[in-house]
Every structure is written in structure tokens, then in C-alpha cells.
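If you read the sequences in order, they're chains A and B. With my numbering, letter number 485 in the first sequence gets 485, and the count goes up by one each step, no holes. With my numbering, letter number 171 in the second sequence gets 171, and the count goes up by one each step, no holes.
Don't read these hints as lab results, they were simulated from the structure. Here a beta-carbon is modelled for each residue, glycine too, at the ideal position from N, C-alpha and C.
Covered by chain A, according to a simulated footprint, are these stretches of chain B (three or more residues, beta-carbon under 8 Å):
(1) 8-19
(2) 27-38
(3) 43-54
(4) 61-69
(5) 129-140
Below, computed lysine to aspartate or glutamate pairings styled on DMTMM-like, alpha-carbon distance capped at 25 Å:
(6) A:K6 <-> B:D8
(7) A:K6 <-> B:D96
(8) A:K6 <-> B:E151
(9) A:K6 <-> B:E147
(10) A:K6 <-> B:D175
(11) A:K6 <-> B:E94
(12) A:K727 <-> A:E750
(13) A:K279 <-> A:E37
(14) A:K307 <-> A:E258
(15) A:K250 <-> A:E260
Now the in silico label distances, taken between C-beta atoms and shown as ranges:
(16) A:R611 <-> B:A99: 53 to 63 Å
(17) B:Q173 <-> A:R419: 13 to 23 Å
(18) A:E297 <-> B:A176: 56 to 66 Å
(19) A:P72 <-> B:A99: 19 to 29 Å
(20) B:R110 <-> A:A771: 50 to 60 Å
(21) A:E492 <-> B:P119: 21 to 31 Å
(22) A:D11 <-> B:P92: 19 to 29 Å
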Amino acid sequence: MAATWKERLNDQIDEPLGREIDVFEAQIELRWQGKLEERLFSESRLRRGVYGQRYDNGLRHDGQRTQRLGFPERPTKGANTVWDAPGMQRIKIPLGRLTAEQMDVIADVAEEYSDGIAHVTTRQDLQLHYVHIDDTPDLMRRLAAVGVTTREACGNVVRNVTACPLSGVCQDEVFDVTPYAHACAYFMLGHPDAQDFGRKFKIAFSGCRHGSCALARIHDLGAIATERDGQRGFEVHLGGGLGAVPQQAKLLDEFVPEAEMLPLVQAIGRVFARLGEKKNRQRARLKFLVSSLGIGELARLVREERKVLRDDRRWTDYLENLQALDDDPRSAFPQDERTWPTSDQTDQSDPTDRSDPYRDRQGAAGDPAAREPAAEGFDAWRASNVVRQRQPGYVTATVRLPLGDIAAGPLRALAEIARDLTGDTVRTTAEQNIVLRWVPEADLPELHRRLSRAGLAAPAASTIVDVTSCPGTQTCKLGISSSRGVALAIGERLEAKPLPDAVRPLRVKVSGCFNACGQHHVADIGLLGVSRSVEGRRVPHFQIVLGGDAKDNVASFGLATAAVPSKNVPAAIERLTDLFAKERHEGESFAAFVQRAGKNAVRHRLEDLLRVPSYEQEPSYYSDWGDPREYTITDMGEGECAGELVTATKFGLAAAEVAAYEAQTLFERGELGLAAGRAHEAMLLAAQALLRADSSEVSEVPEEIVREFRTRLLDTGVFQDPHVGDKFAQYLLRPNGAGSESFAREKAQERLEETMLFIEAAHACYHRISAQKAREQ
Amino acid sequence: MTSTLENDALFAQRLAVRLSADPTCGAIAVGSVVAAFHRLIQARGLDEVMIDVADYSHVPDGPGIVLVCHGANYSLTLRGQRPGLLYQRKRPNEGDFAARLDRAVRATVRAARALQDDPELRGKLRFVETEIEVGANDRLLAPCTAETLTELRPALTTVAERLWPGGVELDFQADARAAFRVRLKRGARPITEIPCKP
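Isolated chain A, as found in the complex (with noise of 0.2 Å):
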């Protein structure tokens, strides 16, 4: 047999993250002998970022018909999706922040898994589509070698913990937020008190209060730094959210100190674990909690809720090395033979000077006299990818993705310029692009002629024409309009004429569908695809949103001013962009001009573009960008945003049965002593889950579920069985003996059947009190 990703990574993995991944390769397997139950397997592979993709029911519109794809006759792995039908792989990238070693590992998996793309979310996230799920476990352990999980990447969880991908560097923030998101991350990535949330709950912080990058305060949970005293807290607001109805979060607390912030946020979590919406998916979200019971008594509950926790080492711990993140080479790189400039070179320079700046910097990429010129292209690049660090000498260079795209060569080209070139790491953007931070503004000229060979020296980032997009009907089972293809289209459009200075800066957002992955809201001009019926057929169209406004964390959203048919969306936006030119008054924000304009007035400039040409004169309209096919919306599927809704007791015990499963697998190898002990472990694992169905509070400790088990349930009658009474309750509660190699084989099944009627015993015992809670609602 040829060796494996197991074999050859085993001792470069972390051992819970192995062992997880151990897990979810069994959880395959039982879900193959049909053991493991759908609805489970699916809220499984969410929770590890294993996502369903278009198409993934077996069927496709191929433009004259609804055809069945005629994938192979296998289990499905959730509601309507068939097992080989190729999904998303989302890997989850807390603050965007990735290493060199990493983004090669990123490139190999792409290749070789997926289609050769690595695709930067709106989230900060990666994704990788079309990835059959038969080889995510192999693909999580070469991420994983490298310290990258995606874990709860999918899932009613806490999502990917989001930051200003220039912290730390940032001219304007108070305090340098990265190794608090950092830390937060961390804390809440398998949490017990985050597992048994009704929906998603995504984090974000900030550096400061009036930025943009973050966006605060579209997230369930936005930290934006403050300083009280000198001390050092963060602004915290909830229940922020875009999707149908957006709403900003609410202030819970202007002042929070940077030792209370990982509590609190478990004190959240516990409460909207306990109180959020489980059974109506739609007003499950933080949001719908903050509006029922108002942000003022949801505090009061958190600070309830803060009072009873147990103390907890991680909440400070980091606190006293925040400096462990820190990508400033001068910092993690002493020794280096490269020269890197020093914070005492104070830099005089002009930054609108275009005179040869770089001729007597230092820089890492060598001897400046040897440099040669700046390459073509140059100049435009530079005044619109690169900022000043408030590190004198150090500017950030953002690499603008088309549609957050970069393919596996020039990703393994941008990992080799960030090791040479800067602190070794680089970010992932909301505006999906990547940042390379540090790099010693005397080796501008180098980065782009190496940026320039890898083909990620497009200029303009976060300009008008770096339209940001949500995957859309190219991937998304939710998808109803092509924002990709628009995307380019509008592009394309601006970028072959010369903008105004007034336009430039205005940001384009595209989801497809209302779900607003695309941030549509947020954008001076969203876009959010819908369909429309004309004559009988059906043409993909786009509701243009204007009045959004990023600034201050999100300062207001976006409204509905009219739905454009697809094709005239590149036409429509130029058209406004240029009314904006033309008639806006002196500074004033786009959000502005259209208040003071009026929606009707600037309607009615588009009133033309609204208009659908008959099928016979113009079929192009009942086609989207990118796609021949003629339109339709029949290839839309069920959403899997919204996850599954399983319990932690559920969860709980079908990690008991995947550890019985593993049992068995020793005793088959002969292991037999190994395998008495992993069904030991099982039967613990299921008497933990239920311990779950009334708290939170579980011990890890063996002897204390063990302790726990007979208080809270055995002697309370809770697990007493209506025929068998405490029968398998013995077979937990007495000494196991496990782990001794003479461990007779007959020893050895008979733990192993005792193990399986314990955890049936389990199931049946949820069962009765999932009942009794349901009579007592």
C-alpha cells in the first residue's frame, strides 16, 4: 500500500487537531455503512467547513433542459446532496493573517484537490470549490501540518473571527487589535459554550472607531479598540447582521478592559445559546435575540451570566506577550542578513513625490545601487496599492484579486516575495484582496516588478473598479443573479476610460441573492441579484442599492432604487458615477448625493436602462454575464448558511459512537487492551453529552463525569431504563481495566458490546428527556 497524508504528517500535527480530523475520517466512513444519521453528518462536515455546492441535488439546468448529472448511486451527505456531487471547502483564516509556509500549502492543496483556485471571502476566509469530500481529510491534515484548521469554518458556530487587516500597522488605530482577535479566536474555536447556538455568530474587530475595514458593525459581536485612563478596553456592540434585513448592532458597552473581553464574549455566547431562536431558522441570528429582549436587559443577562463563570487561565494569559503576533521584521527577523530600516530613520520625504524616492533607502531586497528601475506600470500602482505604515520606512502594498481569486502559481510567487520581501506574513481583506505589510518602502520598486512577473500588480485596489463579490450562481446553491460575471462587466466598463478623482474612491458590492454575502448594503453602490419574469421568461436583473456607507464600522445602509436587468447594470452604474461627477456638490459623499438628489430623481436618470427588450429582439437579456444558457432559477438549491440544528448532547453522542467505532477497529487489528479503553472513553463521551442536556458545565475529567453521571442522572432516575433499569448504567460505573495488553480477547468484545448498549441506552435516555421538555414547553 502507498503511504499517506496520515503517515507522512502524523508528527507535524497538533494532536487535537489530528484527532479531530481522526473523527471527521470516521464520521465518513460510518456515514458510508449508513450509521451515522444525515441530518448530523451534515451540521458535522458544516462545522469543518465542508459546504455544499450548486448543482450538488444531482441536477442542472444545462440551458434547454433539467438534466440528472448521473453521479454514482451513493449515500447523500445532507438533505438532497448527493455524496460525490464536488462542494466548497472553506478554511477559516482569523484575521486574514497568513504565513508564507501556509499560502504554498493553500497553493498545493488547491491544485490538487480543487480546481487550482484559492478564493478570498468577503470574511477574510479562503475557499476552495469543487473539492470532493472524500479528500477534505487528507486536505485539512496538509492545512493543519502548517497550523490552519477548518475548523467551524461552516456551522452554527463562531465563525472566522475577522480584523483590519492593517493592525498594527495602521495610521489611525488606537491600539493594535491583532493579538486580541487573535486570542478570541482561539478561545471560542471549540468552546463548549459555543456549540448549541440556534445560527452563525460572527466576530469582528477594529483598530478604531471611524475606519472602514472591519465593518463592526454589521457583526454579531463588533470590538472596536477605545483607551480609557491609558487603559486599554474595547467598544463592544451586538447583534449586527446583514442578510434580508440588515440591521447594526446595538452598544452593549462603551467600555469594556482588555482582560474582560474573552469573558464577556463567553458570557454571549452562553446566553444566546440559551435564550436564541433554535426552531425558526429565519430569526435565529443574535439580531432577532437583541430586538426581542432589548440590548438593555441582554446586557444585564451577559453580566449575569459573567458573574457565574469559572475562571479561566486563556482569558489573560496572552495578555502578557501581545507582542507574540508581531510580523515587524525588525522584531522577527534579528539576525537576518537583510537590512531592514530602523525606526529612527524618520521619513522626510514627501509621499505625492514621484523624484526617484527610493535611490538611498534601505531595503531588504539588497544593495539600493544595484536596484533596477521601477518597471512599467509603476507609478499608477503605487498611488493607488501602496499606504505609508505609521512604522517610518514601511508602507503596505495591497494585491488586488479580480473577484478575490488568485490561482496556485502566482499564490506560491506571493508567499516567496512575502518571505523576501517582508515579515513573512501577509492579510486577507473584506475588499478580498491580500495586503503584504512591512516592506521597506525602498523596495517598492523590486515588490512590483516581482508582482508584476506573477501577475498581481494590478493597480486600482479598493477603487471603484474592485468590485467585491459573493460566489453567486457560479457556486452558491442560493445564488439567483451572476454577481461574478457583473462584477467583471462593470470592471471592464470603468476601467476603459479614464475616472474622476469624485468616482475613484467609490466602492461596488454584488451578492446574488438577498442573503448579502456580497455586503451589498455597505457599499456606496450595491448590487443584489433577484429575477424577473417578462413575457413568460424569466431575466436575471439586479436591485441597485445606494446610500450604504462603510465608514465608522458601518455608518448606514444602503436602500433599494431599482431592479436592472443584468445586462444594463455596467451601463447603469457609469451612468450614476457620472451624475455623481457631474452634479455632486464640493465633498460630498455619494451617500449624500443621492439623500439630497432623492431615490425618485436618480430612478428616473435609469428609467431607460429598466426596460427588458423582447426575447425575439433581444435574447441576450434572458442569458446572465458569463453564462450562454438561458436563464433560469431552477438550479437553485436549499442554503446550508443556516446550518443544521443539532444539540451538543446529539454531537456529543455521535462522537461516543465514532470512538465505539474506532474501538472496534482496534479489537479488528488485535489491539485489544487499546480498544477496551477507547470504548471506555466512548461510553464516557455519551454520558458527557447527556450531562450536556441541562448544562453546559461538563468536566473533562473522567472521574468527574463518571461522579456526575450518577448524581445528576443515575440517582435521580433520569437514565433508568423503563425494562432494564440501571443495568447499562454498570457497565460505565465499574473499574474498566482497560489499557492492559493481556486484555483477554473475549474481555475485549464483551466491553465492546457494553459500549454499544450504553450508548443506545444514551440515545434512549435523550430521547425521554428531550419528551419531557417538550411536554413541560
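Since chain A is already given, all that's left is putting chain B on it; use the hints.
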């Protein structure tokens, strides 16, 4: 723990085949290729479970336009340094390495012919017929090393001999970061006599 067994490269399943586009081809619109792939799906023109078309023509050095199938992806790049048709196997196939590679080459050639016969591409798209690139997207079993080449040479010989009986030139460059690739060109000498460049 790593495998002590040799010949791991022969187990590689993610085989890749590339046909270079003829540099004398005329300009071809991206939309024409997208439409051609969609027509292939409608007509079920390849022996594959064909799923969808993904257009990555906007991505520098990317896969171009991809016909996504269950067993393999077919991607056609028109611009950049290496225009051509790339076949990348995704799901395991039966048979030994030579048989699997042979099937991959045949599938690539079939797809190339289907594209050349497409009403919008006919007369515009041509492929170089005197060389082919083969390889594996599997850095575990088939890293891009001289050892892998040595291991796979008999299988490569079998396939090359079928393409160009009598003589083949081989071009290989070891690269620790890249996926394994070998370029086979019609030549004068049997592939087995050509020395391997590390």
C-alpha cells in the same frame, strides 16, 4: 512514519495531461470557449459526468475556462505563458499506471477533438500534435523528482510508444515545489535511451 514501500509513484491517481495550443491559432473569444463547453454538456459529448463550466479567464496564470466533471477537470487557457488544454484527473481510476495514463491521454485528445469540432471554434483552435505533457498532481506519491521519473519511465515509455512509435524526446525539470510534469516530444530516440536530467 513514512511508507517504506517503493514505487509509490505508480499508485498516483491524479494524473495530468496537457496539450499545447498551436501558437498560430487565431484570436478566440473567452465567450466562445465557455459556450463550447456548455454545448458539450448539453450534448453529453464526453464520456464524463459533466457538471458545469467555470470561467477563470480573469485570473492571472489561472486555469482559464474549466469544464468541471466528476472524474476530471478539463481546462482551456487561451492567454498567458502556456495556452493549451489541461486534463486533471480527480477521482481514482482502475488499472496500472500505464493504463490509467493511457486513458487520461485518450480522454484529453477526445476533448481536444470535440472542441476543435465545435461550431464556434472550428478552424480557430488547433493543438500541437508533436508533443504532450503528462504528470501527476500528487506531491505525496509522485513528487517532482528524478526518482519519480525513474519509477514512471517504463509506463511513460509504453504510452509514448503508442503516440509516436520509434522515437520520443523527454523534457523534465525536477522542482521540489511543483507537481510532477514531463514533456514528451516526437523525436528520434526511444524514450528509454534518453538520460534523465535531475
